[in-house]
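Assemble the whole structure, with the sequences as input and the hints as a guide.
Protein chains in written order, with this note's numbering: chain F, 468 to 892; chain R, 468 to 892.
No lab work stands behind these hints: they were computed from the structure.
Mixed in with the good hints, there may be bad ones.
Put simply, identical chains are the same to the list, so a pair is met inside one copy or across any two.
Claimed, not checked - Cut-off 35 Å, straight-line C-alpha distance, at most; resulting in silico cross-link-like pairs (DSBU-like, lysine-lysine): (1) Lys811 with Lys494; (2) Lys750 with Lys768; (3) Lys750 with Lys494; (4) Lys750 with Lys811; (5) Lys811 with Lys768.
A quick note: this is a predicted structure, and the numbers were derived from the prediction, not measured.
Number of protein chains: 2
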Amino acid sequence: MTTIAHRDADALALHLDEARRDYAGLKDRGLSLDLTRGKPSPEQLDLSAELLTLPGGRYTALDGTDCRNYGAPGDGLRELRDIFAPALQVPVDQLLAVGNSSLELMHDCLVHALLGTVPGAEGRWADQRVAFLCPVPGYDRHFALCERLGIDMIPVPMTDGGPDMGVVENLVRSDARIKGIWCVPKYSNPDGTCYSDETVRRLSTMETAAPDFRIFWDNAYAVHHLDGETGVGDILAACAEAGHPDRVFVFGSTSKITFAGAGVAFLGSSPANVAWWRANSTKRTIGPDKLNQLRHALFLKDTDGLRAHMRRHRRILAPKFETVDRVFSEQLGDTGLATWTRPKGGYFVALTVLDGCAREVVRLAAEAGIAVTPAGATHPHGNDPDDRVIRIGPSYPTLEELEQIAYGITVCVRLAGYERLTAQR
Amino acid sequence: MTTIAHRDADALALHLDEARRDYAGLKDRGLSLDLTRGKPSPEQLDLSAELLTLPGGRYTALDGTDCRNYGAPGDGLRELRDIFAPALQVPVDQLLAVGNSSLELMHDCLVHALLGTVPGAEGRWADQRVAFLCPVPGYDRHFALCERLGIDMIPVPMTDGGPDMGVVENLVRSDARIKGIWCVPKYSNPDGTCYSDETVRRLSTMETAAPDFRIFWDNAYAVHHLDGETGVGDILAACAEAGHPDRVFVFGSTSKITFAGAGVAFLGSSPANVAWWRANSTKRTIGPDKLNQLRHALFLKDTDGLRAHMRRHRRILAPKFETVDRVFSEQLGDTGLATWTRPKGGYFVALTVLDGCAREVVRLAAEAGIAVTPAGATHPHGNDPDDRVIRIGPSYPTLEELEQIAYGITVCVRLAGYERLTAQR
Chain F
468 MTTIAHRDAD ALALHLDEAR RDYAGLKDRG LSLDLTRGKP SPEQLDLSAE
518 LLTLPGGRYT ALDGTDCRNY GAPGDGLREL RDIFAPALQV PVDQLLAVGN
568 SSLELMHDCL VHALLGTVPG AEGRWADQRV AFLCPVPGYD RHFALCERLG
618 IDMIPVPMTD GGPDMGVVEN LVRSDARIKG IWCVPKYSNP DGTCYSDETV
668 RRLSTMETAA PDFRIFWDNA YAVHHLDGET GVGDILAACA EAGHPDRVFV
718 FGSTSKITFA GAGVAFLGSS PANVAWWRAN STKRTIGPDK LNQLRHALFL
768 KDTDGLRAHM RRHRRILAPK FETVDRVFSE QLGDTGLATW TRPKGGYFVA
818 LTVLDGCARE VVRLAAEAGI AVTPAGATHP HGNDPDDRVI RIGPSYPTLE
868 ELEQIAYGIT VCVRLAGYER LTAQR
Chain R
468 MTTIAHRDAD ALALHLDEAR RDYAGLKDRG LSLDLTRGKP SPEQLDLSAE
518 LLTLPGGRYT ALDGTDCRNY GAPGDGLREL RDIFAPALQV PVDQLLAVGN
568 SSLELMHDCL VHALLGTVPG AEGRWADQRV AFLCPVPGYD RHFALCERLG
618 IDMIPVPMTD GGPDMGVVEN LVRSDARIKG IWCVPKYSNP DGTCYSDETV
668 RRLSTMETAA PDFRIFWDNA YAVHHLDGET GVGDILAACA EAGHPDRVFV
718 FGSTSKITFA GAGVAFLGSS PANVAWWRAN STKRTIGPDK LNQLRHALFL
768 KDTDGLRAHM RRHRRILAPK FETVDRVFSE QLGDTGLATW TRPKGGYFVA
818 LTVLDGCARE VVRLAAEAGI AVTPAGATHP HGNDPDDRVI RIGPSYPTLE
868 ELEQIAYGIT VCVRLAGYER LTAQR
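Written out as C-alpha cells, the structure is:
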C-alpha cells in the first residue's frame with residue numbers, strides 16, 4: 468500500500484493529535500460490541516422461524532423412510548439433496564447430506580485420509596509428513612484443523628481471481644507431500660474474492676506430484692449473494708473432464724441459511740470418493756439426523772425456495788455491508804491508511820491497514836470495547852507476516868451498532884497508522 | 468451345552484423328520500420379516516411425537532443462549548445434561564451433550580487418541596500397534612470401529628457378571644499395546660448381562676501396562692429397564708477412587724429413548740479427559756445442535772420425566788421379550804438344543820444353539836423369509852469360533868409378527884440341531 472500526503476511532518480502531527488482525541492472520545496463511549504465472528508443476526512434467524520415447529524405431524528420422507536428411526540438413507544434425504552445439488556454444482560447422486568456443519572465433514576475427510584486410504588493414495592497420510600496449501604488471507608478454522616491434525620501449512624498469496632496459480636502449480640508439481648489445498652471459491656473468507664474461470668481451469672488441470680492430491684472446495688457462500696448472483700466454475704466437472712475425477716471434495720452447509728448448528732451440511736465428490744466416504748462413515752455413525760433434513764426440505768421446498776430465502780437474507784445483510792463501506796470511505800477514504808474489499812456476497816470484508824498495524828488496531832479496538840477477530844487469524848498459525856489484514860464480519864450487529872463499530876475501527880486505524888508513520892520518520 | 472435325550476437313534480430320526488416337516492410348513496407361509504437390528508417400533512416412536520413440533524416458538528436456553536446460532540455452550544445445554552447426569556452416573560460438569568449418536572463419540576475418541584495424545588499417553592496411537600479387549604459376545608459396531616481404524620481385537624469371554632476379569636487382568640497387566648476395553652455394562656448387547664460390583668471394582672483397580680488404558684463404557688441401556696431398575700456400579704467414581712481418574716469414557720444416547728438419529732448423545736469422563744475432548748472437538752465442530760437439545764429438554768423435563776417416559780417404553784417392550792421367551796420355552800424347552808437369556812432390560816436376547824449351528828440357523832431362517840442378525844456379528848471380524856450365538860432383537864416387530872418369528876427361529880434351531888446330531892452319530 469502506498470501512503471500518501473503524510474510527507475509533511477506538521478500535517479502528520481496534526482493527524483495524529485486528531486486521531487488521539489477521537490480515540491479518547493471513542494473510549495469515553497464505553498462500548499461493548501462484538502464483531503469477532505460471522506454470525507447471522509437474530510433478524511436473519513427469524514426468517515427460518517417455521518423450522519421451530521416443523522416437521523409438524525409428519526415424519527416420513529418422500530421415499531417412505533420413517534425419519535424417526537435408524538436406517539437408510541445414510542446419504543441423507545433425497546428431497547433435501549435435490550434442493551442443494553444445483554446450488555453446490557454437484558450431481559445429486561454424488562451429493563450427501565450429513566452432519567450439522569461442513570467443518571466436521573472437512574475434519575472427517577482429513578481423518579479418514581490420515582487413518583484410511585483415500586482413493587489414489589499409496590497409504591495412510593498418518594504415516595507421512597503431509598502438507599496443505601493455504602491461500603492467504605483465509606479461514607482460521609481451516610488452519611486450525613491442519614494444526615490439530617499435524618498437517619503442515621504452506622501459505623499461498625491470493626489474487627483478484629483466487630490463489631496465485633503460478634505459485635500453486637509450482638509447489639504441487641514438485642512436492643509430493645502436498646496433499647491438498649483449501650479453497651473458499653465464492654465470496655472467499657475474508658476477502659470476498661470469487662475464483663475466476665482461469666483459476667478453476669488451472670486447479671483442475673494442474674499436474675500434482677501427489678497422486679492423492681485433494682482440493683477442499685469449501686463452498687460456504689454458494690448462495691449468499693449481496694449483489695447479483697455471481698457464478699463460479701463447476702470444479703467437479705472440470706476435474707472430471709481434466710482426467711482427475713477424484714481431485715475435489717465440495718462442502719456446503721445451511722449454517723448461514725437457516726440455523727447455525729441446527730442446520731445441515733453437504734459433501735459432494737466423485738463416485739469413488741463418495742464410496743470411500745460412505746465406507747468410512749457408515750462405521751462411525753448410525754446416519755444423519757433425518758428429521759432435521761425433513762424439516763429443512765419442508766421449509767425450503769425447492770431450489771427456487773432456497774433462492775427466495777436468500778434474497779430475504781440479502782435485504783437484511785446488504786445495508787450492513789453498505790454501512791461499513793460508507794463509514795470506511797468517509798473516515799479513511801483519503802488517508803492512504805487502509806484499503807478494504809467490497810464483496811458481492813459472503814460474510815466478510817477484508818480490511819488491509821499499513822504493514823505492522825493490524826494487531827495494534829485490534830488491540831486499540833478491544834480497549835475501546837469493540838471485539839474484532841484477532842489480527843493474524845486469517846493466516847496459518849495466526850501469523851500474518853505483514854501484520855496488515857483484519858477480518859470484518861458485519862452480519863450480527865444492528866445497523867446502529869455497526870455504524871459505531873465501523874467508525875470506531877476507523878479511529879483505531881487512524882491512530883495506529885499515524886503513530887506508525889510518525890515513528891518511521 | 469449338554470445335549471440330552473438324543474441317544475436313541477430312532478427318537479432322533481423322528482425329531483429330525485418332524486423338524487423337516489415344520490420347516491417346510493414354515494417356508495410355505497411366505498414370511499418376510501426382519502429382526503436384524505434393535506430398532507424401536509413405530510409405537511415406541513409415537514411416544515415422542517411431541518418432539519415433532521418442539522421447541523415451538525421457543526429458542527432460548529436457560530442460560531440465555533440463542534440455540535439457533537453459533538456459539539456456546541459447546542458442552543451442550545445444561546438443562547439437558549442435568550436430566551441425564553444421574554442416569555449416566557456422571558457429574559453434570561463432566562458430562563457433555565454432543566452429536567446425534569454415541570457411536571460417533573466412541574469413534575471420535577479413538578480418532579483423537581490415534582491422531583492426538585490422550586492424557587497419560589506417550590504419543591499418538593497411530594504410531595503404535597494398538598489393541599482393544601472385546602468381551603464376547605458383544606456389539607458388532609464396536610468391533611467395526613476397531614477394524615476400520617486398524618486396532619487389533621482380543622476377545623475375552625463374558626461371564627454372568629461381565630467380562631472374565633481374571634483374563635482381563637492378566638492381559639492388561641502384561642501387554643502395553645492393549646489400550647482399552649469395550650464394555651456395555653448394563654443389559655449388555657446381546658446377552659443382557661449386568662456388570663457385577665466385583666467387575667466394576669476390578670476394572671477400576673486393575674494394573675495396566677499401558678499408562679493410557681481406557682475403558683469405553685457404552686451405557687447404551689442405562690435407563691432401558693424391562694423388570695425393576697437394575698443398578699450398576701459407578702465406574703467413573705470407582706476409577707477416581709482407585710487412583711485412575713482418567714481410565715474411563717462413559718457414553719450414552721437417546722437413540723432408544725426418543726428418536727434414533729434425531730436424538731442426542733452424551734460423553735462423560737474425568738475433568739482431564741473432558742478438557743482433552745474439548746480441545747479436539749472445538750477444532751472439528753461449530754458445536755452441537757442446540758435446538759435439538761432444547762427440544763429434548765423441553766420434552767423430557769427432568770430425570771423423573773425421563774423415568775416415566777422409559778416406563779411407557781417398557782409397557783410396549785416387555786410383552787415382546789415375554790413372547791420370545793414363551794415361544795422359545797414351548798418349542799425348545801426340553802430339546803437341549805438351545806439356551807437363551809432372559810434380560811431385565813436392554814434390547815436383545817442372546818440365543819445359544821449347538822456348537823457349529825448358528826450360521827445354519829440364520830441361513831435357514833433367511834430362506835424362510837426371516838432376516839436375523841448374521842451369526843458371528845457378536846464377535847470380532849464376524850467370527851464366532853464356536854458358531855453358536857445368535858442375537859435376537861424383539862423390539863421392532865409387532866407381537867403377532869414376533870410370535871411367528873420366534874416360532875420360525877425355533878423350527879430352524881430344531882432342524883439345524885437335529886441334523887447336526889444326526890451327522891455326529
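Taking the numbered hints from earlier one at a time, note which ones the structure violates and give those numbers from smallest to largest. As far as the earlier hints go, not one is violated by this structure.
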